[in-house]
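Asker: The primary structure of each chain is shown beneath.
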Amino acid sequence: MRLLIDASGLQRELAASPEEKTRLLAELERLLHSLVDEDVRIALRGDFPGEAIQIRRTVSSGIDASKVVTCAIPANICPETSDRWYRGFLGYLRADLVVDFETMRAVSSADLQGKLSELTERRVQPASARKIAFVSPLPPSRTGIADYSAELLRELCDRFSVDVVVDQEEVSDPFVGQHCTVRSPRWLIDHQQDYDGIVYHIGNSAFHAYQMPLIRRAPGIVVLHDFFLGDLQFARERAEPSIPFLLRAIYRSDGYRALVGKSESRSAELIRDYPANYDVARYSKGLVVHSDFSRQLLKRQYPAIDQKTIHVIPHLRQPELKRSRSEARARLGLSDGDFLTCTFGVVGPNKLALELLEAWQASRLSERPGSKLAFVGEAGGRYGDDLRRRIDTGVVPENAWITGWAETELFHDYLAAADLAVQLRANSRGETSGTILDCMNYSVPTIVNANGSMSELPSESVYMLRDKFEKAELVEALDAIVLRPELAQRLSERGRQAILELYCPRLCAEKYASVIAASVEDGQSTPNEIVQNAISSEKAQGNEESAREIFRAAALTFGGTQIQRTVHVDVTATAATDLKTGIERVARALLREMALHGREGIRVEAVALRRTSGGWRYCYARRFMSELLGITGLDLDDSPIEPASGDCLVALDVAGQPVIEAQRQGVFETLRAHGVHVSFLVHDILPLMQPEVFPPGAEEGFRQWLDAVGESSDQIIGVTKTVSDNVRNWMIREKPGKYPLPEFFWSHHGADFSASAFDSETSASELFQFPAQSTAPVFLMVGTIEPRKRYDLALDLFDELWESGEQPILVIVGKEGWQDQPDDRRRNIPSLVERLRNHPQQGKRLFWFNGIGDEALSELYRRASALLALSDDEGFGLPLIEASQRQLPVIARDIDVFREVAGDGAWFLGGASKLGEPAETDILAMSSQLRDWLALYVRNEHPDPRTVRWKTWQESAECLLSIVLNEKKV
Amino acid sequence: MSSDFYKAFEDRFRGERSDIKQRLTVYLPFITPLLRLDPESLAVDLGCGRGEWLELLLENGFQAQGVDLDRGMLKDCEVRGLPVLKQDALEFLKSQDDSSVAVVSGFHVAEHVPFPYLQELINEAFRVLRPGGVLILETPNPENVTVGSHKFYMDPTHRQPIPGELLKFVADHCGFARSRILRLNEPKSDGVNEDLRLIDVLEGVSPDYAVVAQKKAPVNEMVAFDMPFAMETGMSLDGAANRYDDELRNRLEAVSQGLDKMREQCVSKTEHLAKIAQLEKRIGELEAARSASFLKSLLRPVARWVIGKALTAGWKRKAFERALARFPVLRGHILAFARNQNLPGAWLPQGLAPLDELGLDHSVTPGLSEMSESERFFYAESIHGQDRSKNKKGL
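Protein sequences appear in the order of chains P and H.
All the letters of the first sequence, read from the start, carry residue numbers 1 to 970 under our numbering.
All the letters of the second sequence, read from the start, carry residue numbers 1 to 395 under our numbering.
Just so you know, these hints were derived from the structure itself, not from any lab.
Each hint should be verified, as a subset may be incorrect.
[Unchecked claim] Pairwise CB distance ranges (calculated): (1) 241(P) to 288(H): 37 to 43 Å; (2) 170(P) to 288(H): 53 to 59 Å; (3) 288(H) to 582(P): 56 to 62 Å; (4) 274(H) to 178(P): 42 to 48 Å; (5) 241(P) to 281(H): 22 to 28 Å; (6) 1(P) to 384(H): 24 to 30 Å; (7) 384(H) to 100(P): 31 to 37 Å; (8) 390(P) to 276(H): 32 to 38 Å; (9) 518(P) to 288(H): 54 to 60 Å.
Please read all numbers here as calculations on a predicted model, not as lab measurements.
Just so you know, even glycine gets a beta-carbon here, dropped at the ideal spot from N, CA and C.
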């Protein structure tokens, strides 16, 4: 039984008496504990966001986040409307029993079960369904589903008053014409409330195109005959070329990674590989499939789908009132001694027709006089031509033939006349094969292979080959049928029996009836009705703003059940700039890897904060993402996101003002109240730790940002453990008790050889001024010219070395920093640049490259003896990793971050003086440590850079993802 | 190598006797004038093989002597009654007196002997030839790509291919007064207009050549030989390649001319179509103008201005809304007009076809772009609901 606990009363209580918080939440925990065996969900109101977050936090250990659902209440509506709205929401969740928290907490845990059953009994039983709409193509449409539907209707019409909804000129089936009213799709939209149930039959062909928009507008139960719907989507695209249905459907079912490297011209591949059935799975009220195989496919594709809404009902078959076998054979021109082997259905590579022909030609069957082989079905394309040629070149070609599309009469004649049927399949993708049932129904002994759902056929009712059988096995099976008439006899009887017992239409129709009955919502309003009621009671028809609020709340509340968990990756700052260096570079690399190599069943979406007329909102960054991954043709706009309970949001870059303002407007609070787990990646908090190395005023902005992050997040992830610890300490020190501390984690960056932080176009030839053959050691420093990198310290250090007669060469690669700032705000940069330019060793033992290309940088890495990093502090220290990847020794300042990143793979220089502090003694110490290193270097005993451990970006993204998804507790 | 083998090889590869004799007639213009100088002229054929050339010499009135080392070949000649000797060619020449012979020939000999031997052979030939006497040396032409690359090596007794210019140089160097390269035996083409294919460039160059050299004689005696020495024969690699290029260029030229002509035609047709489209548009405008009444066209800009003002300015809009609240039908009309005119502030534009994959208008209006996909859905449904209730009332 599905129990829904309405906790809105608890929210009110918490809001009214915060001092009672601990007691109230403990009561909730106790209640959940005693209900641990029940399928429990908790409903919350979105207009008490703080309380919703508290409750979610309390229950998070005992119950999955996706089972706690929050009802968004439109802003500024009157209390009556909002209560009605919330009641509508409780009904929409379709629980077996809704109880409020106040009622439950009064009951002692011993009496709980008794109370529950008492409540269950009092529940109003929904009236049975009387009138249903049946949405499916029907004969004369040339699809197996049309015939199936016609058969099913013969049974359903006994139980319901049925209207059929079709998009075809005529319905030729006399029974349907007599017993059902034929309606148009338009009618269904306008009169959906007149029906107790709506049933769709969906298959993978153009015949079903008209049903797709209906599924969302008039939701019902969808019978999914095919799991893969790519051909259907492609057919819609051909009918309306301005909309890339296929690409969009695949984007929704499988995300960006499915589209990378694909374009519209590769549609065959896309159709083959991706299900493209997201909308059907998401917007239907329930799904019916014909086999457990299909159910598993759905579960794997959409892990978050509610399993209770998927029903398996076997494909049905009307026990045939046998037509005379002898008459059928006479009509087909067969004589008594002939042995007719048939395979039914459209002939294609998936049906292994060529394999059958070969095996038949090789078996005793073909040697037997009067033995015939008929392919009953259309054989188009190159495969059909191939098959025809192979028949013509075989022995006695007149004994094998292809009938082409067989009309019902002819089809049934063949079924009645056949002595043996062979129904083979390869690459089953969740289709249902009705033809096998046809064969069994006509008592034809049938050979199948255990592919997809066929493996679920009752044993002994068919001759079952392995899924990937050898040709010899098929030959053996054919021989067995000839040699052992008693086997054929048994198959024939058991097959028929299975039809009578398992696939009997009456039985299947009963199952349909119970599924339909269970979906009946007595007296409950549909989302549309709830929205319309709210609009009319708020008189919002003419008031744009309040109508917008209603739609916005409706989207969050009634937007359809979530079937895939989504990780929303916030790249607000990165998407807004063309910069590909620093944090932006990290964000791009992580996003890319998460999107391409994330995990099955989890969507990864890029999002960005955007200022709209309704305040800051998270919107998809689809254009940015398409550009990043090189995807074309999706053509979707950057609309606001619709997060669901259980989703995650992780912010990868430092967006500053947008985050601060969004936090003030409650964007993050709303997300968290709706069950979105919020994480921020923090690259460093240097502006707070050492404000003097940043432009004046940077500290204040950064402080506001970090405050907003602290208030907004469930999780903070440092790029190093050092950063993570620093943030935690800062929050404990500066903001004690202001907000509950988030959890802290850390995840190292990745690195790869190809990417470089520099994108200017200097070629290696520009290094000509650099002495090519020099025995003097070369020290390389990489990074923007800014105060905290301590180039001033490097110059002091080298001045000391040069003065004492040593000959080392210092190469600095980095652009002059903060060039958008006036000189008086640039700290020591102007004087540092001046000093670099006019240094007496400039061009001799000191080189500064203000921007350099990848090629030249690689060349420098080759020529250098060691990388030198003297920063006062860093977030991560990517140059250390990049140097060690090129096996360049690393000499670094002895700071926590460098210790963490480089470990034993680097040589550390002491000297703790920060910028602006006297450094004379430090310089003496450092120069002697540098000389020590040189001595080791000569003997090749310096620390080995190859011992530095580093991650690829893919590993880094994987680590980040597992933290975000809460899989990892560090 | 057994003698029978070589004879069998010759039989297999050098072709029918009459064919060979027919091919050899090409040399007759070089030697027949010698009979006028001396009716008793002696022609010596070194490596005479099966004796086709000896036969041709005798038939044309020369005294002839064949020399060969291959017993099988010699037997063939003896059977036919041809005058042959079994002796080494160089030894034979050395045994002859100065200026005693009118013609010295060697067909497919040069490629079988070491180069110094060849040089000495040519020197000796120069010595024994009388003034005006003619040396003929025929050999495979390595300038023909298939010959040079592999056909030459089909004969295991071949030593090295000899480029024509080299052989000619050796002859000139010995003191012959004039010499020329005669390219021979190229496949016959039926007509001049036949297309030259690449394979013809590779295989069609004359597969054999001969150097024909003449010893100095008084000018009046040499004149009779001017014609054959000036005659054009055969196909060279340069010639074939150039001809191939020329033909290709001509064909491309023809194609490009054809394209130019088509392009001109296209342009003129497009212009016609554009004119037709202009006319159609004009007709449309005229029809539209006729249907829109004069009054409407006068009122529309005024209404646009008034409603536009009323919808955008805050307090005016409020007043406007208040005033219209009592006249919902009129309000609907005005808003519909505002939407039609695409006025700012005319909220909720109507008409949401065609639908996208979610059943929504895919051409996103600015007002919709700030809505999420489900918000758009509820918005569209709400519009639809309003339309429906309006229709019901209408009924």
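Asker: The structure should be examined with respect to each hint, and the outcome stated for every one.
Answerer: Right, here's what the structure says about each hint:
A beta carbon spacing of about 29 Å between residue 241(P) and residue 288(H) contradicts the range 37 to 43 Å that was offered as a hint. Look at residue 170(P) against residue 288(H): about 39 Å separates their beta carbons, and that is not inside 53 to 59 Å. Range check, residue 288(H) to residue 582(P): Cβ separation about 59 Å, and the 56 to 62 Å hint holds. Restraint check, residue 274(H) to residue 178(P): a C-beta distance of roughly 59 Å breaks the suggested window 42 to 48 Å.
Evaluation of the 22 to 28 Å hint for residue 241(P) and residue 281(H) yields a pass: the beta carbon distance comes to about 25 Å. At roughly 37 Å, the beta carbons of residue 1(P) and residue 384(H) sit outside the given window of 24 to 30 Å. Evaluation of the 31 to 37 Å hint for residue 384(H) and residue 100(P) yields a pass: the beta carbon distance comes to about 35 Å. At about 54 Å, the CB distance of residue 390(P) to residue 276(H) disagrees with the hint of 32 to 38 Å.
Take residue 518(P) and residue 288(H): their Cβ atoms lie about 58 Å apart, and the range 54 to 60 Å holds.
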